[in-house]
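Protein sequence lines correspond, in order, to chains L and A.
Heads up: the first sequence at position 89 corresponds to 89 in our numbering, and the numbers run straight through without jumps.
Start counting at 1 in the second sequence, then tack on 390, and there's your number in our numbering.
Where hints are given, some of them may not hold.
As the list claims (entries may be wrong) - With a cut-off of at most 35 Å between alpha-carbon atoms, the simulated DSBU-like pairs for lysine-lysine come out as follows: (1) L:K335 / L:K385; (2) L:K118 / L:K44; (3) L:K91 / A:K480; (4) L:K173 / A:K480; (5) A:K479 / A:K437; (6) L:K166 / A:K397; (7) A:K507 / L:K173; (8) A:K395 / L:K45; (9) L:K166 / A:K468; (10) L:K173 / A:K395; (11) A:K462 / A:K437; (12) L:K115 / L:K94; (13) L:K199 / A:K397; (14) A:K523 / L:K188; (15) A:K469 / L:K118; (16) A:K519 / L:K199; (17) A:K523 / L:K331; (18) L:K303 / A:K429; (19) L:K361 / A:K437; (20) A:K429 / L:K244; (21) L:K358 / A:K437; (22) L:K118 / L:K16; (23) A:K507 / L:K311; (24) L:K188 / A:K519; (25) L:K118 / L:K91; (26) A:K395 / L:K335; (27) A:K480 / L:K331; (28) L:K375 / A:K519; (29) L:K55 / A:K397; (30) L:K199 / A:K507; (31) L:K199 / A:K516; (32) L:K188 / A:K507; (33) L:K361 / L:K253; (34) A:K429 / L:K188; (35) A:K462 / L:K188; (36) A:K516 / A:K462; (37) A:K507 / L:K166; (38) L:K166 / L:K144; (39) A:K479 / L:K335.
FYI, nobody ran anything at the bench for these hints, they're computed from the structure.
Source: prediction; values computed, not measured.
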Amino acid sequence: MCDQILLVDDEEGICKILSISLQDSGYEVFTACSGEDALEIYFKKKPPIVLTDIKMPGMDGIELLRRIKQENPETEVIMITGHGDMNLAIKSLKHEATDFVTKPINDDVLEIALKRAKERILMRRQLREYTENLERLVEEKTRKLLDAERMAAVGETVSGLAHAIKNIAGSLKGGVFVLDKGLELDNKQYLREGWRMVKGNVDKIRNLSMDLLNYGKSTEIRCQISDPNQPPQEVFKLIEPQAKEHGIILEAKLDPNLEPFLFDSEGIYRCVLTICSNALDSFRAASLMTENGDPIERMKEEKRVVIESRKTENWAVEYRISDTGAGMTEKVRDKIFQSFFSTKGAEGTGIGLMMAQKIIKQHHGSIEVESELGKGATFIIRLPKNPNPL
Amino acid sequence: MEKEKHKILVVDDELDMRVYISTVLETSGYRAVVTKNGKEGVETAVKINPDLIVLDVMMPGEGGVLMYRTLKTDPKLKKIPVVMLSAVKKEIFFHYLKMLNVKMENNISEPEAYLEKPPDHEDLLKVIKILLK
Chain L
1 MCDQILLVDD
11 EEGICKILSI
21 SLQDSGYEVF
31 TACSGEDALE
41 IYFKKKPPIV
51 LTDIKMPGMD
61 GIELLRRIKQ
71 ENPETEVIMI
81 TGHGDMNLAI
91 KSLKHEATDF
101 VTKPINDDVL
111 EIALKRAKER
121 ILMRRQLREY
131 TENLERLVEE
141 KTRKLLDAER
151 MAAVGETVSG
161 LAHAIKNIAG
171 SLKGGVFVLD
181 KGLELDNKQY
191 LREGWRMVKG
201 NVDKIRNLSM
211 DLLNYGKSTE
221 IRCQISDPNQ
231 PPQEVFKLIE
241 PQAKEHGIIL
251 EAKLDPNLEP
261 FLFDSEGIYR
271 CVLTICSNAL
281 DSFRAASLMT
291 ENGDPIERMK
301 EEKRVVIESR
311 KTENWAVEYR
321 ISDTGAGMTE
331 KVRDKIFQSF
341 FSTKGAEGTG
351 IGLMMAQKII
361 KQHHGSIEVE
371 SELGKGATFI
381 IRLPKNPNPL
Chain A
391 MEKEKHKILV
401 VDDELDMRVY
411 ISTVLETSGY
421 RAVVTKNGKE
431 GVETAVKINP
441 DLIVLDVMMP
451 GEGGVLMYRT
461 LKTDPKLKKI
471 PVVMLSAVKK
481 EIFFHYLKML
491 NVKMENNISE
501 PEAYLEKPPD
511 HEDLLKVIKI
521 LLK
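If we strip away everything but chain A, and leave its shape as in the complex, we get (with noise of 0.2 Å):
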């Protein structure tokens, strides 16, 4: 019997981005699942419990970043490995998580990947296959 597929999360409010993204993962083998907003995301990863999360960080509003706190603080999900997107740099990036981190009681651990958008196939898949040894 086949082993089974790896499940991938791919949360971006951009239609192109998800296409790209969930071609680059089903052509390598992956199970690509994709929401366009951190709620519905929430909600999938909730319901699909998926290996790995492709979370694109600057959906309109605070929508990633609110996806990603609430990833990382509920005991079940923080497991899941997160492959951040963003179209802005990660020292910025980090820097926004810190302030959020203010408000908190437990610190948000940083995603275990970070990408600059739009992110090279290889680079991504790397990533990925890193994170899902």
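Same shape as in the complex, but just chain L (with noise of 0.2 Å):
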């Protein structure tokens, strides 16, 4: 590669004996007896190495030199200057020329001026292979770093886990004590209570044992061309009961005009679902203190959860989960969508949201949320015409 010349001379004469002379010292020569011809030549061989007389007549060696750096600026370009051609010499240089040998030319000279072109493109190729290696470098080191925190997310994650398991199994072992004193004292209190504890302790196993199988799936997820106002609306039917137990008015503000598309329908439901349960929790009145048990005082005193759907550019839907609950902080906030983050202690498994988050994901959607303490919470999702979109 390193060994392949144009050469530029309008004097046949002096570019046959220069080429015999080069070919000798092993270079692959090409010759061209104008510039223009030398261009042609040089866009369908790229040579590293042009040697060109300067004086030409038509393009000369300087416009030709700078037509050349113009193409690619690594390539090495040594000018043949006359005596007494100080100044065009020096104006190549300026146009970036590597050296300039003068006529008649000295093959020793002529040698030099080659060697120096030929280290200066190795050294370049050298410094760009460092360069790539280091690229490749950064790279390597940049994975192994994501496997190792990859790692520190599933040794966190079995951890969260095991704490998890160990409060329920703690509070089933309570249930039952309980549960026995109620039987062993016939006392219905402790009865009805012991199998309150146990019941609700058998409940969130099963939920996070169920989380737990979701999250172990999370394979791809399924698309189908779905009505999407039919998660909201089975969600809705879902945990009515449960909004109207606790006095929380639950509304449903779908847009009856949105066009059925390819989403994952199931999926959307148990994202809607997670925030909808999470929207009726915050009024809890757990979820009702700071963590330092000081009352959270809420903006409005109706409790109000309401899910709506709706059009809006660029999207085939968007979903509006809010509630006038306890709202969070801005620390909180950024937290929510970690695995076993959890704002409900014991009652929450911190899966929920980092599922729901996973899911949206998946289809290339979007999931924010707007809160602040005591202002209640609204989730956002946002989900594309086209899940796939490459």
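The task is to assemble the complex, starting from two chains supplied on their own in separate frames and drawing on the hints.
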């Protein structure tokens, strides 16, 4: 590669002699006797080194130099100058010629010029290789770091899980004790309380394992052309009795003009259900306390949860689920999509929203939350018309 | 006349734990009074002057630790023995207490007993019995 030379001189004799001598030195030589010819050959052959006379009729050496450098600044161009062409020589250096040799050409001088040119080419190549290696190295290290981080996340997940299970097991044990005492003393209240604890914790462990199963699935989403109002409708039906029981007004504002499109109806149902359940939970007494046990003042007295679907620009559908519940601080807001982060103490598994985010991501959609402490929360999910944009 | 029952204050944010521990206590001849956070806990302690306090240290935020500090720096309340319940290991908790001491004028004394959560009911009763002697 390094050993191709384009030789340009309008004097055929010089061209011939030089090319023979260069070929002797092991170069593959292309010759041209005008700037125009030279450029044509240059574009065809892309030689790394060009040796050109400065003074030529038509396109002169300087112009040729300029055009070549424009095309590929890395080409080494050595200028051949006559005696007294010092000005031209200097001008050529300004246009980034590698070197110049004077006529009559001394073989040694030419050899040195060529050697320097070749060295520069080699250096550039090495530099490029180093850079590429460096990039590869950085990429490799980054990948390793990411792997390590993933491993750490798995560790965290396991310890978070162990903690959650230990909690539930502890409460179950407590429930069994209370139940035992109820049987032993024939005490109805103990029986009731103990039974409630056992039932509640059995539910908890069932929910945890369901969440984990779903999380473990985490395979591809299964998309079908479906009605975007179907998931919120089903969620509404499911949670309405629960809302009523706690005096929460549940409202669905679903846009009837939404067109069916391709998405995973079951996945979106899970997302909407998670967010709606959280919304209902945000009215519970435990949710209405800060970390220090101080009560959170709610802006609105009314307990209301609204599930909304509508069309927005560039998206197939936008779901908005808003509540007038406890809301959350910025600190909490930044963490809600993390695994095993929960504000519900022993009640929450810290998996729901993480799963929801995963499902939405697989749809190439977006999920956002707007919330302030005491001012309720609004979750916004947007889904694109096509879940596989490629 | 029957000897008056020992009053034990139970402070825990989890309903299940409150029910469990109060059942353990009641069925063993104690009177249990429950509260669900540190603030209520201190208020109730002042009001009823319990013979012993069972305190969950891991309530949301610094709830349990703060309450413990309040108890042990109050001249009247500091004599009440405290059974500390926690999901964290004892060493970790004492390290935490030490860190808190740095900012304190008077060192906080260690709790009279420390049990990992969930406590076994026999362990809990044994500890309480010793402390109330």
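How the hints compare with the structure:
A hinted pair counts as satisfied when its Cα atoms are at most 35 Å apart, and L:K335 with L:K385 qualifies at roughly 29 Å. At most 35 Å may separate the alpha-carbon atoms for a hinted pair to count; L:K118 and L:K44 meet this at roughly 21 Å. Distance check on the hinted pair: L:K91 and A:K480 sit about 82 Å apart at the alpha-carbon level, beyond 35 Å; violated. Simply put, L:K173 and A:K480 have alpha-carbon atoms about 22 Å apart, close enough for the 35 Å limit, and the pair holds.
Under the criterion of a C-alpha separation no larger than 35 Å, the hint pairing A:K479 with A:K437 is consistent with the structure, at around 31 Å. The suggested pairing of L:K166 with A:K397 holds, with an alpha-carbon distance near 30 Å, which does not exceed 35 Å. Note on A:K507 and L:K173: the hinted pairing holds, with a Cα-Cα distance of about 11 Å set against a maximum of 35 Å. Note on A:K395 and L:K45: the hinted pairing is violated, with a Cα-Cα distance of about 104 Å set against a maximum of 35 Å.
At roughly 32 Å between alpha-carbon atoms, L:K166 and A:K468 fall within 35 Å of each other, so this suggested pair holds. Restraint check: the Cα-Cα separation between L:K173 and A:K395 comes to about 26 Å, which is no more than 35 Å; the hinted pair holds. For the suggested pair A:K462 and A:K437, the alpha carbons sit about 16 Å apart, so the restraint of at most 35 Å is met. For the proposed pair L:K115 and L:K94, the alpha carbon gap of about 21 Å is at most 35 Å, so the pair holds.
Between the alpha carbons of L:K199 and A:K397 the distance comes to roughly 30 Å, so the proposed pair stays at or under 35 Å and holds. Straight-line distance between C-alpha atoms of A:K523 and L:K188 comes to about 32 Å, which keeps the hinted pair within the 35 Å bound. Annotation: proposed proximity of A:K469 to L:K118 is violated, straight-line Cα distance about 90 Å (limit 35 Å). Annotation: proposed proximity of A:K519 to L:K199 holds, straight-line Cα distance about 32 Å (limit 35 Å).
Between A:K523 and L:K331, the direct Cα distance comes to roughly 47 Å. Violation of the 35 Å bound is thereby established for this hinted pair. For the hint pairing L:K303 with A:K429, the CA-to-CA distance comes to about 27 Å; that is within 35 Å, so the pair holds. Using a Cα cut-off of 35 Å, the hinted pair L:K361 and A:K437 is violated, with the two alpha carbons roughly 54 Å apart. A threshold of 35 Å between alpha carbons decides the hint, and for A:K429 with L:K244 the separation of about 32 Å falls inside it, so the pair holds.
Under the criterion of a C-alpha separation no larger than 35 Å, the hint pairing L:K358 with A:K437 is inconsistent with the structure, at around 51 Å. Distance restraint check for L:K118 and L:K16: the Cα-Cα separation of roughly 22 Å lies within the 35 Å cut-off, and the hinted pair is therefore satisfied. For the proposed pair A:K507 and L:K311, the alpha carbon gap of about 50 Å is over 35 Å, so the pair is violated. Taking the CA atoms of L:K188 and A:K519, the gap is near 27 Å; set against the 35 Å cutoff, the hint holds.
For the hint linking L:K118 to L:K91, the alpha-carbon distance of about 22 Å falls within 35 Å, and the restraint holds. For the given pair, A:K395 sits about 47 Å from L:K335 by alpha-carbon distance, which is inconsistent with the 35 Å threshold. Restraint check: the Cα-Cα separation between A:K480 and L:K331 comes to about 29 Å, which is no more than 35 Å; the hinted pair holds. A C-alpha spacing of about 48 Å is found between L:K375 and A:K519, which places the hinted pair above 35 Å, so the restraint is violated.
This hinted pair does not check out: L:K55 and A:K397 have alpha carbons roughly 112 Å apart, beyond 35 Å. Of the supplied pair hints, the one linking L:K199 and A:K507 holds, its CA atoms being roughly 20 Å apart against a limit of 35 Å. Taking the CA atoms of L:K199 and A:K516, the gap is about 29 Å. The hint holds against a cut of 35 Å. Taken as a hint, the L:K188 and A:K507 pair is honoured in the structure, with Cα atoms around 27 Å apart against an allowance of 35 Å.
For the hint linking L:K361 to L:K253, the alpha-carbon distance of about 25 Å falls within 35 Å, and the restraint holds. Of the supplied pair hints, the one linking A:K429 and L:K188 holds, its CA atoms being roughly 32 Å apart against a limit of 35 Å. With a C-alpha separation of about 38 Å, the suggested pair A:K462 and L:K188 falls outside the 35 Å cut-off, and the hint is violated. For the suggested pair A:K516 and A:K462, the alpha carbons sit about 23 Å apart, so the restraint of at most 35 Å is met.
The hinted pair formed by A:K507 and L:K166 meets the criterion: a straight-line CA distance of about 9 Å does not exceed 35 Å. Our distance criterion of 35 Å between C-alpha atoms is met by L:K166 and L:K144, whose separation comes to about 33 Å. The hinted pair formed by A:K479 and L:K335 meets the criterion: a straight-line CA distance of about 26 Å does not exceed 35 Å.
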